[in-house]
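J.: Please put together the full structure from these sequences, using the hints given.
If you read the sequence shown in our numbering, its first letter stands for residue 1, the second for the next number, and so on.
Read the hints as simulated data drawn from the structure, not as lab findings.
One thing to keep in mind: the hints can contain errors.
[What the hints assert, rightly or not] Calculated pairs, SDA-like style, for lysine to any residue (alpha carbon to alpha carbon, straight line, at most 20 angstroms): (1) LYS13 / ILE53; (2) LYS13 / ALA23; (3) LYS20 / ILE46; (4) LYS7 / PRO27; (5) LYS45 / ILE14; (6) LYS51 / ASN10; (7) LYS39 / PRO60; (8) LYS33 / ASN10; (9) LYS41 / ILE53; (10) LYS61 / ASN47; (11) LYS61 / LEU44; (12) LYS9 / LYS20; (13) LYS45 / SER56; (14) LYS61 / VAL43; (15) LYS13 / ASP29; (16) LYS16 / PRO27; (17) LYS13 / PRO27; (18) LYS9 / ILE31; (19) LYS9 / THR52.
[To be verified] What follows is a set of in silico ranges between Cβ atoms, one per label pair, in the way DEER data are often shown: (20) THR15 / ASN62: 20 to 30 angstroms; (21) TRP58 / THR25: 28 to 38 angstroms; (22) ILE30 / LYS51: 19 to 29 angstroms; (23) LYS51 / LEU26: 16 to 26 angstroms; (24) SER56 / SER21: 12 to 22 angstroms; (25) ASN62 / ARG12: 31 to 41 angstroms.
Each residue gets a CB set at the ideal place from its N, CA and C atoms; glycine is no exception.
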Amino acid sequence: MPRRKIKEKNIRKITKVGKKSYAVTLPIDIIRKWRWREKQKVVLKINEKKKTITISDWKPKN
Numbered sequence: 001m002p003r004r005k006i007k008e009k010n011i012r013k014i015t016k017v018g019k020k021s022y023a024v025t026l027p028i029d030i031i032r033k034w035r036w037r038e039k040q041k042v043v044l045k046i047n048e049k050k051k052t053i054t055i056s057d058w059k060p061k062n
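T.: In structure tokens form, the structure reads like this:
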């Protein structure tokens, strides 16, 4: 599979996982830069009016 062009690196596909879930892959350079790990908890902020989803690191409440 050929690599994406630099200007297209943030274009991603939605993939079906199981029967009821979907997934979007994240660029490895961002995962490394932010030091995110497998099974790390993240928070989704969903704005239905703008049809956007924001992913941020989960911080436990002390």
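J.: If a hint holds in the structure, say so; if it does not, say that too.
T.: Here is how each hint holds up against the structure:
no.: 1; hint: LYS13 / ILE53; verdict: holds (15 angstroms)
no.: 2; hint: LYS13 / ALA23; verdict: holds (8 angstroms)
no.: 3; hint: LYS20 / ILE46; verdict: holds (18 angstroms)
no.: 4; hint: LYS7 / PRO27; verdict: holds (13 angstroms)
no.: 5; hint: LYS45 / ILE14; verdict: holds (18 angstroms)
no.: 6; hint: LYS51 / ASN10; verdict: holds (17 angstroms)
no.: 7; hint: LYS39 / PRO60; verdict: holds (15 angstroms)
no.: 8; hint: LYS33 / ASN10; verdict: holds (15 angstroms)
no.: 9; hint: LYS41 / ILE53; verdict: holds (16 angstroms)
no.: 10; hint: LYS61 / ASN47; verdict: violated (23 angstroms)
no.: 11; hint: LYS61 / LEU44; verdict: holds (17 angstroms)
no.: 12; hint: LYS9 / LYS20; verdict: violated (27 angstroms)
no.: 13; hint: LYS45 / SER56; verdict: holds (8 angstroms)
no.: 14; hint: LYS61 / VAL43; verdict: holds (13 angstroms)
no.: 15; hint: LYS13 / ASP29; verdict: holds (17 angstroms)
no.: 16; hint: LYS16 / PRO27; verdict: holds (18 angstroms)
no.: 17; hint: LYS13 / PRO27; verdict: holds (12 angstroms)
no.: 18; hint: LYS9 / ILE31; verdict: holds (14 angstroms)
no.: 19; hint: LYS9 / THR52; verdict: holds (19 angstroms)
no.: 20; hint: THR15 / ASN62: 20 to 30 angstroms; verdict: violated (36 angstroms)
no.: 21; hint: TRP58 / THR25: 28 to 38 angstroms; verdict: violated (19 angstroms)
no.: 22; hint: ILE30 / LYS51: 19 to 29 angstroms; verdict: holds (22 angstroms)
no.: 23; hint: LYS51 / LEU26: 16 to 26 angstroms; verdict: holds (19 angstroms)
no.: 24; hint: SER56 / SER21: 12 to 22 angstroms; verdict: holds (20 angstroms)
no.: 25; hint: ASN62 / ARG12: 31 to 41 angstroms; verdict: holds (34 angstroms)
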